[in-house]
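Chemist: This is what each chain is made of:
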Amino acid sequence: MASLREVEQRIKSTKNTRQITKAMQMVSASKLSRAEANAKQFVPYMDKIEEVVGSIASATQGSSHPMLVSRPVKKTGYLIVTSDRGLVGGYNSHVLRKAKRAIEQRHASKDEISLFIIGSKGTDFFKRLGFTVEESLIGVSDHPSFEEVKDIANKAVGMFTEGNYDELYLYYNHFVSAISNEPTERKLLPLTDLDSSGVSSSYEFEPSAEVILESLLPQYAESLIYGAVLDGKASEHASSMTAMKTATDNATDLIDDLTLVFNRARQAAITQEITEIVAGVAALE
Amino acid sequence: MKIKVNIVTPDGPVMETEADMVIAVTETGELGVLPGHIAMVAPLDIGALRLKNGTDTDHVAVNGGFLEVRPDVVTVLAQSAELASHIDVARAELARKKAEVALQQQTNKVEAQMAELSLRRAINRIKVSGM
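So the protein sequences, as listed, match chains D and B. Residue 1 is where the first sequence starts when you use the working numbering, and the numbers rise one by one after that. Residue 1001 is where the second sequence starts when you use the working numbering, and the numbers rise one by one after that.
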């Protein structure tokens, strides 16, 4: 059995760990509520742009805009949203596994894909597997602004338009609730599933619908990417909160067990001492 | 009669107000919108959005995006937008200097274009803040 002092040491260090994980849990909880608020702020913009895109798409049926037309797929782009740091439970591994599996199923060679990765975890993961990462974005803040994500989004959409690849998939963790999120795949480009139902108004286009599509569609696609990043951030904070809560609970359990061991050892020591004294007294009589 | 004006960006709504007349810089030139305008969509250029109320004019620096017009409401969907009074001139000046340097050094066509765009954005913000 471990000595009293050893057990005491372990209890103390576990308590310190618990204090840290508990603090991290609370930090993540407050970040989560801000991330949710950010995601909410983005909704009016997204709704509006979706409405306008839908109505323009329905007004220009059969448009030949490159972003609306499916072409034979020779090369595929992937944009994957991960986090920069660990301690977020299965957040990164889930989405990375999903992306990796899809890539392995669809492509025979690594030359058929272009990777855009947000977050150092994903970047390291794919580099380790021997993939070339086209562009990676590291150091996204906890509450990203559109400005931060714009460059990588711009590049991913731009390379599609230039014909470097013929499809663009988006992988991120969709925030379901504070305790669950699911890795999600979304086919971003070409935009084939534009929802033109429920369009109430028809517009005049100035100068023409084609010209508007030219600048509206990239903006729409970039907004979708930004939306995914916001969604991913909310999931990241939620995962981190859950992971830290589990760690705190585990530490509490461990402390309880150790305290029991400690008390038993202490009692044993006392009993032994009394026995020795009594034995000593008996020997004197 | 007034027309409602909403300016929304990916970072959230910037303003919600009313105006007698809205003047925007679109890619094909300036466009004035009065209440009762026909439903319309036009792409915006980097420029100043003017909101006229009586004799007052509010200026908003707008960076690209769209103008959506309905008879009673104008919605601006911009990548970023700032009220003249909220613009940090010192930061805009800094951005302008950086963009100018970048523009001179760029040989790559795409990057030169990007530098030019950020230069135009910075100049626009400086101009609007002085209006």
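There could be a bad hint or two in this list.
A short, non-exhaustive set of chain D residues, derived as facing chain B with CB atoms under 8 Å [stated by the list, open to error]:
1) PRO44
2) VAL52
3) VAL69
4) SER70
5) VAL73
6) LYS75
7) THR76
8) HIS107
9) SER141
10) SER145
11) PHE146
12) TYR169
13) TYR203
14) PHE205
15) LEU224
16) ASP231
Chain B is nowhere near these chain D residues, computed Cβ spacing over 10 Å in every case [said to hold, decoys possible]:
17) ARG85
18) VAL133
19) LYS150
20) PRO207
21) GLU276
22) VAL281
Treat the hints as calculated values from the structure; they're not laboratory data. Every residue, glycine too, gets a C-beta built ideally from N, C-alpha and C.
Chemist: Does the interface hint hold: is D:LEU224 within less than 8 Å of chain B, judged Cβ to Cβ?
Modeler: Result: violated, 11 Å to nearest chain B Cβ.
Chemist: With a cut-off of 8 Å, does the beta carbon of D:THR76 approach a beta carbon of chain B closely enough for the hint to hold?
Modeler: violated, 22 Å
Chemist: Should the interface hint for D:SER70 be scored as holding, given a Cβ-Cβ cut-off of 8 Å against chain B?
Modeler: With a closest approach of 25 Å, the D:SER70 hint is violated.
Chemist: Would the stated hint for D:HIS107 survive a check requiring a Cβ distance to chain B of less than 8 Å?
Modeler: violated, 27 Å
Chemist: Could you check if D:LYS75 really has its C-beta closer than 8 Å to a C-beta on chain B?
Modeler: violated, 20 Å
Chemist: Please verify that hint: D:PHE205, Cβ, nearest Cβ of chain B, below 8 Å or not.
Modeler: holds, 6 Å
Chemist: Would the stated hint for D:VAL69 survive a check requiring a Cβ distance to chain B of less than 8 Å?
Modeler: It is violated, given that the least Cβ distance between D:VAL69 and chain B is near 21 Å, above 8 Å.
Chemist: So, as I understand it, the hint says D:SER145 touches chain B; can you test that by seeing if any CB pair is closer than 8 Å?
Modeler: For D:SER145, the interface hint holds, since the closest Cβ of chain B sits about 5 Å away, which is under 8 Å.
Chemist: Decide, holds or violated, for the assertion that all CB atoms of chain B are farther than 10 Å from the CB of D:PRO207.
Modeler: Not fine: 5 Å to the nearest Cβ puts D:PRO207 too close to chain B.
Chemist: Beyond 10 Å from every Cβ of chain B: is that where the Cβ of D:VAL133 lies?
Modeler: holds, 19 Å
Chemist: Let me know if the C-beta of D:TYR203 comes in closer than 8 Å to any C-beta of chain B, holds or violated.
Modeler: holds, 5 Å
Chemist: Would you check whether D:PHE146 satisfies its interface hint, that is, whether its CB is within less than 8 Å of any CB in chain B?
Modeler: Nearest chain B Cβ about 4 Å off; hint holds.
Checked against the numbered hints listed earlier, the structure breaks hints 3, 4, 5, 6, 7, 8, 9, 12, 15, 16, 19, 20; every other hint is satisfied.
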